[in-house]
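Engineer: Chains as they are written, first to last, in the working numbering: chain A, 137 to 440; chain B, 137 to 440.
Please keep in mind that the hints were generated in silico from the structure rather than gathered at the bench.
Possibly wrong hints are sitting among the right ones.
For chains that are exact copies, the list does not tell them apart, and a pair is met inside one copy or across any two.
[Said to hold, decoys possible] Computed cross-link-like contacts, BS3-like style, restricted to lysine-lysine with a CA-CA straight-line distance of at most 25 Å:
# : residue 1 : residue 2
1 : 274       : 146
2 : 432       : 393
3 : 416       : 146
4 : 185       : 416
Protein chains: 2
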Amino acid sequence: MEKLLKMSSKKILIVSGTHGNEINPIWAVDKFTKSNNSNLEVNNLSFVKGNPSAISKGLRYVDIDLNRSFSKKVKDPNENLYEFKRAKFLVEKYGINGLMPCNIAIDLHTTTSSMGTSIVMYGRREADFCLASILQNKFGLPIYLHEKDINQTGFLVEAWPCGLVIEIGPVAQNYYDPKIVENFLIILEFLQNTEFNAENIRFNSSSEITFFVHQKSIDYPRDEDKKINAIIHPMRVNMDWKIIQKGDPLFLDIEGKTITYNESHKVYPVFIGEAAYQEKNIAMSFTKKETMNIPKSWFNSFLL
Amino acid sequence: MEKLLKMSSKKILIVSGTHGNEINPIWAVDKFTKSNNSNLEVNNLSFVKGNPSAISKGLRYVDIDLNRSFSKKVKDPNENLYEFKRAKFLVEKYGINGLMPCNIAIDLHTTTSSMGTSIVMYGRREADFCLASILQNKFGLPIYLHEKDINQTGFLVEAWPCGLVIEIGPVAQNYYDPKIVENFLIILEFLQNTEFNAENIRFNSSSEITFFVHQKSIDYPRDEDKKINAIIHPMRVNMDWKIIQKGDPLFLDIEGKTITYNESHKVYPVFIGEAAYQEKNIAMSFTKKETMNIPKSWFNSFLL
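My request is simple: use the sequences and hints to build the entire structure.
Structural biologist: Put into structure tokens, the structure is as follows:
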């Protein structure tokens, strides 16, 4: 019989409120910890609010986006900004070599796009594939694999040896939606109740994993003054994860003209029209679907 | 034959972007003016962006809420704040005694609540009832009559002799929704194409008007630290304009307990869970339905 590799000693850090205006995960975590009579730890789960100052103000961030502030540079021009210091604090406290070390970070987010309940992975780390596979197999979640995007770096979960974002939408910023809360609670309860050992993984994961790999992001069409002059086309709104091909509508411009997708390869757009990404010049991101088999050895390492 | 009192000489000021993160009316107005080859005027309509600085930042406001900054006080502690100065500018330029005088102001807003396309009136001005009646009769819009709320004053449209807010939702802040844009365009096209004269009013308005009168606003339940500890109940979400009675659920608290409406009279809640109202300590507002007949003399005065 295969040796049962227990992961019960592994600590999972649950981060909510990395963006202060994404209030449903904050509420879900508070509800979850309250029902378990602890604010800080439940079984193998530790909890922390990512950006308390932004939460108190109802803003995405105070100085800079916290979830782009976990870069590894020693010297950084942003080092005195609130979020940069906060990122340093979180790693020093909960990082793998921190005072209260956690092996895994799960960062809870919402989006105004129709992403449903989804996973975001950053790069192709073996441990991330194992954890994502377990969640995908359990809940059927689609996975957005973000990689090779030099304009978007320093994500929180990258500062841990293993880590994923859970991203749920659509929901407005600063708007409580009980359905969204419920979807976060389902994930939290699963993480609390599932011991990640070899036996559970045999039952709960599949060696095959499907994910949507970031290809590029596109901006809204803009006029000579850099002002947006076309918005998401009605036929593209709420169509995240749906394949498009050459000729399919992307935007509807100010004069009512349709702007189509004109590349020859088919892509799956995600984060369509996300409110917070206008300042990043992102109207949507294109992904390519990919399937792979996770070697058994990766799971074995994951459980060590 | 009744004398045809023309209103074609009346100027209607269309304000978009009074809140800088309500981007759909801004887009709708830009689209409308573009299609009419003018940025500033189309027939009897003049256009202005309420809060350009907040728009450029994607924020509701910069210093204070512009749509609470039109108070009549000569001396005000807020007089150096951006929005207070902007309010003064708008009245000096477009007010009834301004450089480019307008008789009517229509202020376009969105909400994260499920208000549909609706009208907000401030107080019981005869001219407002006439204009609201025309719009209600044409489009069946529900009307929220805001009055007797000492915590909420200084609304933009109150600075004009006649004025209404058009409020459409649900839509997230900073999120373009083509359906919401379309709903604003329908209103703009009606205002452009309808000459408000006695004949049109006979056809387009009803002497009977139904509206929902503000009774009071209630806050979210909060703990001893003033932190929200109950969110809108799943059965109350998206149920704006729907009557409730004693015993109906209002909130679901952090421990899963339902908090019910406990007053004896039936009310119609509106702006349920509006994201921007958390800072105003408003979870929803209760209204009472009222119907009245508009005297013919009011319409005659309205058309003068």
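Engineer: Decide, hint by hint, whether the structure agrees.
Structural biologist: To see whether the hints hold, each was checked on the structure:
Taking the shortest alpha-carbon separations for residue 274 and residue 146, only the intra-copy value of 20 Å comes in at or below 25 Å, while the best inter-copy value is 63 Å. Taking the shortest alpha-carbon separations for residue 432 and residue 393, neither the intra-copy value of 52 Å nor the inter-copy value of 45 Å comes in at or below 25 Å. In this assembly of identical chains, residue 416 and residue 146 lie within 25 Å of each other by CA distance neither inside one copy nor across copies; the values are 35 Å within and 43 Å between. For the identical chains of this complex, residue 185 and residue 416 are neighbours both inside a copy (24 Å) and across copies (24 Å), given an alpha-carbon limit of 25 Å.
In this structure, the earlier hints numbered 2, 3 are contradicted, and the remaining ones agree with it.
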